[in-house]
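Student: To get my numbering, take the position in the sequence shown, counting from 1, and add 1.
Don't read these hints as lab results, they were simulated from the structure.
In this text, all values refer to a predicted model and were calculated from it rather than measured experimentally.
Note that beta-carbon positions come from the ideal geometry of N, C-alpha and C, so glycine has one too.
Hints may contain errors.
To be verified - Computed cross-link-like contacts, PhoX-like style, restricted to lysine-lysine with a CA-CA straight-line distance of at most 20 Å:
(1) 108 - 162
(2) 18 - 111
(3) 97 - 42
(4) 18 - 97
(5) 18 - 42
(6) 143 - 128
(7) 111 - 128
(8) 81 - 97
(9) 149 - 111
(10) 143 - 124
(11) 149 - 108
(12) 162 - 143
(13) 18 - 81
(14) 108 - 155
(15) 149 - 162
(16) 85 - 124
(17) 42 - 85
As the list claims (entries may be wrong) - Label pairs and their computed distance ranges (CB to CB):
(18) 120 - 17: 15 to 23 Å
(19) 121 - 76: 22 to 30 Å
(20) 46 - 102: 35 to 43 Å
(21) 64 - 164: 37 to 45 Å
(22) 163 - 128: 15 to 23 Å
(23) 109 - 159: 32 to 40 Å
(24) 48 - 102: 29 to 37 Å
(25) 136 - 81: 27 to 35 Å
(26) 104 - 157: 44 to 52 Å
(27) 101 - 164: 24 to 32 Å
(28) 76 - 21: 34 to 42 Å
(29) 150 - 76: 35 to 43 Å
(30) 38 - 88: 39 to 47 Å
(31) 64 - 136: 39 to 47 Å
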Amino acid sequence: MSPLQIFDMIMSNMYQKIVFESNLYAEQHNISLNTNIEELKSFLGLLIFMGYHEVPGIRLYWSNDPNFNCDRVAQVMSVKRFLKLFRFIHLNDNSKMPQRQSQEFDKLYKIRPLLPHLQETYKTMYKPSRHLAVDESMVAFKGCSSMKQFMPLKPIKRGFKSLGFS
Numbered sequence: 002m003s004p005l006q007i008f009d010m011i012m013s014n015m016y017q018k019i020v021f022e023s024n025l026y027a028e029q030h031n032i033s034l035n036t037n038i039e040e041l042k043s044f045l046g047l048l049i050f051m052g053y054h055e056v057p058g059i060r061l062y063w064s065n066d067p068n069f070n071c072d073r074v075a076q077v078m079s080v081k082r083f084l085k086l087f088r089f090i091h092l093n094d095n096s097k098m099p100q101r102q103s104q105e106f107d108k109l110y111k112i113r114p115l116l117p118h119l120q121e122t123y124k125t126m127y128k129p130s131r132h133l134a135v136d137e138s139m140v141a142f143k144g145c146s147s148m149k150q151f152m153p154l155k156p157i158k159r160g161f162k163s164l165g166f167s
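Using the sequences provided together with the hints, build the complete structure.
Tutor: In structure tokens:
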């Protein structure tokens, strides 16, 4: 299977949820987004591509400057549409988010629908054939976050803790 087919298998049940919540969030701000699954796939593809092919500013992907211009990006979507989707992309309804002071407050509320979906999908897609060890590592992060951790014995001391197989 290709990486695209694997990504599509993982995300296939989430596309409609993301489209619905993004359109809803735009409506709540009196903006018409009217996105669909195909456009969402294009948007996510552009985000992945931009992670590999970095330029100093996001608008430079659509620039006429030959040092930064990326014709393929402009063929997929206009800069105006990309930035509109980027502004309104959502996974959960903000109007139902519990207040910070309440018992039900969830730091991961905005991405919560994705987490159980990924857990279940990974369980069905990956069946280890031998005993595996779980290892923790740090993903460097210098910004502000209540989820950031400090681990003095790790080479990267501050960031997000990540668990993986070794």
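Student: Against this structure, judge whether each hint is valid.
Tutor: Status of each hint after checking the structure:
no.	hint	verdict
1	108 - 162	16 Å, holds
2	18 - 111	13 Å, holds
3	97 - 42	26 Å, violated
4	18 - 97	15 Å, holds
5	18 - 42	13 Å, holds
6	143 - 128	35 Å, violated
7	111 - 128	29 Å, violated
8	81 - 97	29 Å, violated
9	149 - 111	17 Å, holds
10	143 - 124	32 Å, violated
11	149 - 108	12 Å, holds
12	162 - 143	13 Å, holds
13	18 - 81	23 Å, violated
14	108 - 155	25 Å, violated
15	149 - 162	8 Å, holds
16	85 - 124	34 Å, violated
17	42 - 85	15 Å, holds
18	120 - 17: 15 to 23 Å	19 Å, holds
19	121 - 76: 22 to 30 Å	35 Å, violated
20	46 - 102: 35 to 43 Å	40 Å, holds
21	64 - 164: 37 to 45 Å	40 Å, holds
22	163 - 128: 15 to 23 Å	22 Å, holds
23	109 - 159: 32 to 40 Å	20 Å, violated
24	48 - 102: 29 to 37 Å	34 Å, holds
25	136 - 81: 27 to 35 Å	44 Å, violated
26	104 - 157: 44 to 52 Å	34 Å, violated
27	101 - 164: 24 to 32 Å	27 Å, holds
28	76 - 21: 34 to 42 Å	27 Å, violated
29	150 - 76: 35 to 43 Å	42 Å, holds
30	38 - 88: 39 to 47 Å	19 Å, violated
31	64 - 136: 39 to 47 Å	42 Å, holds
Checked against the numbered hints given earlier, this structure breaks hints 3, 6, 7, 8, 10, 13, 14, 16, 19, 23, 25, 26, 28 and 30; the rest are met.
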